[in-house]
Amino acid sequence: MSIDLDAWEIVVGLEVHTELLTRTKLFSSAINEFGGEPNTHIDPLTLGLPGSLPVLNEQAVELAIRVGLALNCEVQRSVFARKNYFYPDLPKDYQISQFDLPICAEGSLELPNGKVVGIERAHLEEDTGKSTHVGGGGRIHDAQHSLVDYNRAGVPLLEIVGKPDLRSAEDARAYVAELRSILVAVGASDGKLEEGSMRVDCNVSVRRRGDAELGTRCEIKNVNSLRSLGRAIEYEAARQVDLIESGERVRQQTRHWNEDDGRTHTLRTKEEADDYRYFTEPDLVEIDPGPEWIERVRAVLPMLPAARRHRLSTETGVPLERVALVVERGLDELCLAAIAEGADPERTVTHAEHNLSDAKAADLDPAKFAALVQLETGGELTATQAKTVLAEMVETGGAPADIAAAKGFEAMESGELEGIVDGLIAAHPEEWQRYCEGDGKITGFFVGGVMKATGGKADGKAVTALLQARKG
Amino acid sequence: MAERITTEDVTKVANLARLALTPDELETFTGQLAEILEHADDIAALDLAGVEPMARPLPLVNVFRADEPGTPLDRDEVLACAPVSEDGQFRVPPVLGEAP
Amino acid sequence: MSFADALSIAASVRAGDRTATEVLEEHLGRIAERETEIHAFNLVTEQDARATAAAVDAAVAAGNDPGPLAGVPVAIKDNLCTRGVPTTCSSKILEGWRPPYDATVVQRLAAAGAVAVGKTNLDEFAMGSSTENSAFGPTRNPHDTSRVPGGSSGGSAAAVAAGFAPISLGSDTGGSIRQPAALCGVVGVKPTYGLVSRLGLVAFGSSLDQVGPFAHTVADAALVCEVVGGHDAGDSTSIPGDFPAVTEHLSDGVSGLRVGIVTEMMGEGIAPDVAARVRAAAAALAAAGATVEEVSVPAVTFGLSAYYLVAPAEASSNLSRYDGVRFGNRIEAATTGEMMTATRTAGFGDEVKRRIMLGTFVLSAGYFDAFYGTAQKVRTLMRQDFDAAYEQFDVLISPTSPTTAFAIGDKTADPMTMYLNDICTIPTNLAGHAAMSVPFGTGDDGLPVGVQVLAPALGEIPMFRAAAVLEAAALAEGGAK
Chain A
1150 MSIDLDAWEI VVGLEVHTEL LTRTKLFSSA INEFGGEPNT HIDPLTLGLP GSLPVLNEQA
1210 VELAIRVGLA LNCEVQRSVF ARKNYFYPDL PKDYQISQFD LPICAEGSLE LPNGKVVGIE
1270 RAHLEEDTGK STHVGGGGRI HDAQHSLVDY NRAGVPLLEI VGKPDLRSAE DARAYVAELR
1330 SILVAVGASD GKLEEGSMRV DCNVSVRRRG DAELGTRCEI KNVNSLRSLG RAIEYEAARQ
1390 VDLIESGERV RQQTRHWNED DGRTHTLRTK EEADDYRYFT EPDLVEIDPG PEWIERVRAV
1450 LPMLPAARRH RLSTETGVPL ERVALVVERG LDELCLAAIA EGADPERTVT HAEHNLSDAK
1510 AADLDPAKFA ALVQLETGGE LTATQAKTVL AEMVETGGAP ADIAAAKGFE AMESGELEGI
1570 VDGLIAAHPE EWQRYCEGDG KITGFFVGGV MKATGGKADG KAVTALLQAR KG
Chain B
853 MAERITTEDV TKVANLARLA LTPDELETFT GQLAEILEHA DDIAALDLAG VEPMARPLPL
913 VNVFRADEPG TPLDRDEVLA CAPVSEDGQF RVPPVLGEAP
Chain C
32 MSFADALSIA ASVRAGDRTA TEVLEEHLGR IAERETEIHA FNLVTEQDAR ATAAAVDAAV
92 AAGNDPGPLA GVPVAIKDNL CTRGVPTTCS SKILEGWRPP YDATVVQRLA AAGAVAVGKT
152 NLDEFAMGSS TENSAFGPTR NPHDTSRVPG GSSGGSAAAV AAGFAPISLG SDTGGSIRQP
212 AALCGVVGVK PTYGLVSRLG LVAFGSSLDQ VGPFAHTVAD AALVCEVVGG HDAGDSTSIP
272 GDFPAVTEHL SDGVSGLRVG IVTEMMGEGI APDVAARVRA AAAALAAAGA TVEEVSVPAV
332 TFGLSAYYLV APAEASSNLS RYDGVRFGNR IEAATTGEMM TATRTAGFGD EVKRRIMLGT
392 FVLSAGYFDA FYGTAQKVRT LMRQDFDAAY EQFDVLISPT SPTTAFAIGD KTADPMTMYL
452 NDICTIPTNL AGHAAMSVPF GTGDDGLPVG VQVLAPALGE IPMFRAAAVL EAAALAEGGA
512 K
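Chains as they are written, first to last, in the working numbering: chain A, 1150 to 1621; chain B, 853 to 952; chain C, 32 to 512.
Treat the hints with care, as some may be off.
Lysine-lysine pairs mimicking BS3-like chemistry, simulated, CA-CA at most 27 Å apart [claimed, not checked]:
1) B:K864 to A:K1232
2) A:K1279 to A:K1232
3) B:K864 to C:K123
4) A:K1264 to A:K1232
5) A:K1509 to A:K1341
6) A:K1341 to A:K1312
These aren't lab readings, by the way, just hints derived from the structure by calculation.
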């Protein structure tokens, strides 16, 4: 299925739940830690035992404020409410959440491509436990019974509700990636989609281009990676377009993404709206962060990815879209420091973009990095040699000149290269004839021959240029 | 004045509250709930424009605990009071339907 | 009936004149004599109590002070968590549940040297005014066993009145300490919301619930308040600081104290003999130097309506957790959903079901504003009207209960008739204020009448001063009408 994007517009709004990186749970002193022996991170509140009471974890509020400020939200006076529903992994059979008055409201997030997405709200709530379905292949509907582990119950969650401002699967992926970078940058989350510490629900609708009103949306759950997010949105949008084009209508539903068959499936139709009977949680008091607290948090916020991208682009002259990956890898500080040491900005960013995917790259010494770039731009190392040396620098922390010497990388006299090329042409007249007739495939024959003759020291680009020059 | 609560309302509410009622109970409870709700007509008739709702008696704000781990409960002690447990977990019959 | 008070017991145990063990055995003896008839307890913890008393005695023998309640037997309402000791809320759904932790108030009593003797009967989950809604059978009034002790803390009130323990703890959501105290002829205190920790109190109406003591004397009640009260970091709604220093002010008298009689609580629905006792109490306060006048607090007439929306709403949510998954009883069924319904249907009594359904209804979509929202605004009105009265008066007085103890079975048929028992006590809970009931003679039937002393939030000191004067005046009357 694919959609005629000239006729149809995809509209996506994402709700992202992120577990907050606290030591303990949102309302009790049981530890907040992934995994563990079942039912060992428990206390009376975690199990919803009679008589237990919640007391709010200050650090969770601090992290929520950080995220709110990072998303340009209004951080406001807020209250908790009870959301009532029965489910075995919900220990009190109500979830303490925020309803009318969330801690963060009305913010925005800028994607690496410059688009700005609205943030409706971000609110604190507690996570649920986990059920394992036993028998029937682990599927919920065929299980013989289920086992409930409450280790995760009560873990602090921040639900970040984005506005339906996204217009493609690609933007949706970029949004989640950007949000993840922000959450990690401010220390609020470890950002692990696959482990479920970040969970994405997406609301997808379609409309004919030019329509002012939004179409009926479906909510898609169980999206566990950026890849499946893109696939799920594309599948769901196509499904909706098909429905409409065949004269049917889209019904508001919650749908489940199945990674195996690449489809979304009906979970339940929202015909009988859930009645959660929200009311103010009487066991907790209001949170009023106040200007002092907010300013204290703002003062210690790290520079955020969008600002870092703008800085790196401005200071290097490299376009915004090219610096995004460098910032995502956290290499922008390294690049700026290397440039300050005299390295060429363009070459520096190019290395960070293509040759520094290793996690250890961030530990590179900027001065040594700068020295490497200078060896390359000074013509003492070819681009290929520089890449090899850089890889070893990341591994060992050694100085570029030493590594190059140990590998026997020396700058070749240009006369030496010319001699080798001319010798090769003379020795292989037939191949040269073909090259001159424009057989591109034969180029590799000559470049390979030069490399062999020089022990890999030659610069491939220089060889190609020389061949072109000889051809005339 | 609100409309009188019906047996349909009570059936819906009993479902929401996970309670099953016999037909006799449904009749009795509907009548009793109606009487209690009718008593509340006195406050429904009040002019409460501009009166703020009071959700809790105290004007406390910002009551927090430090993010420090406490002593966890002993799992065996807790599971000893569970209706059914298995492998350190709480065992329940099959669950139909996903959580909201 | 005359029994030793907690202060004198503690004094003699601390001085080494009596052992905690002797004191305990004397009380266990009385329990053995009359408990079958009264049924104040769901469980008497004789063995634990003997061990605790022995520890108190060992402390005294070693020259240590076990605390201000050294060796004082105490009965604990069975909706307060006691570690390893069954806590049932008088409900089948919790039968056999042993909490893995102690309520803060239970811990504090133990730390003060008190000896817990058992868990007292109550209306299931504290919902009721007669202790007839217990899954384990009703408690009977020690003054007349054909009558109810009041409720919901009927077991705790009866335990003190019958001499089973000189003090006990109850909980008060709409009058559940004060009304049974009045009907059983003992002192009962509902402190200001937030002064006593709710951690470990099984929740009914969270914004209304408060733990408080029963005692023979005002002084004992004051001491227990100071012991169990004061800030608890485990309860977010706990007021910072200690419980007001009420014991220091018990003999201050009421000279110059401004006392208001609540007009709306003296007319319709109040038995004439009860109203007469309140007027006598007013006269006693005036004679002791207080200025006494009538005062209107109009919003109190709306208390019942607001209460029966707010309390069930909170209860419907608080009682969701009894789902057969983690603790308590379960009725097995094919699916978890059916199991939850079967468990709750079999486990809850009618009154609890009634309030859960009422609360679910008033919170549900389409009805929230009309019912719950309105009730919350009435709470604000209640607070404003009380505030206005407390600008002119230090404390207010009224009947605690409209009548003396009624016969068992008299009011069980019609919920609304039963609810009317609480018209004088409910407004205090809605406002979050303090109030207590002090025995003040008897009604025409010879049964105890309680006078309620009401005070604003944190007004415990003037409240106890007035209560102490009423207690002395009642004694001076010779216990007669």
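Hint check:
A distance of roughly 18 Å separates the Cα atoms of B:K864 and A:K1232; the hinted pair therefore holds under the 27 Å criterion. A threshold of 27 Å between alpha carbons decides the hint, and for A:K1279 with A:K1232 the separation of about 18 Å falls inside it, so the pair holds. Restraint check for B:K864 and C:K123: the C-alpha separation of about 25 Å stays at or below 27 Å, so the hint holds. Between A:K1264 and A:K1232 the alpha-carbon distance is near 34 Å, which puts this suggested pair outside the 27 Å criterion.
Restraint check: the Cα-Cα separation between A:K1509 and A:K1341 comes to about 19 Å, which is no more than 27 Å; the hinted pair holds. Straight-line distance between C-alpha atoms of A:K1341 and A:K1312 comes to about 23 Å, which keeps the hinted pair within the 27 Å bound.
Consistency note: the structure conflicts with earlier hint 4 alone.
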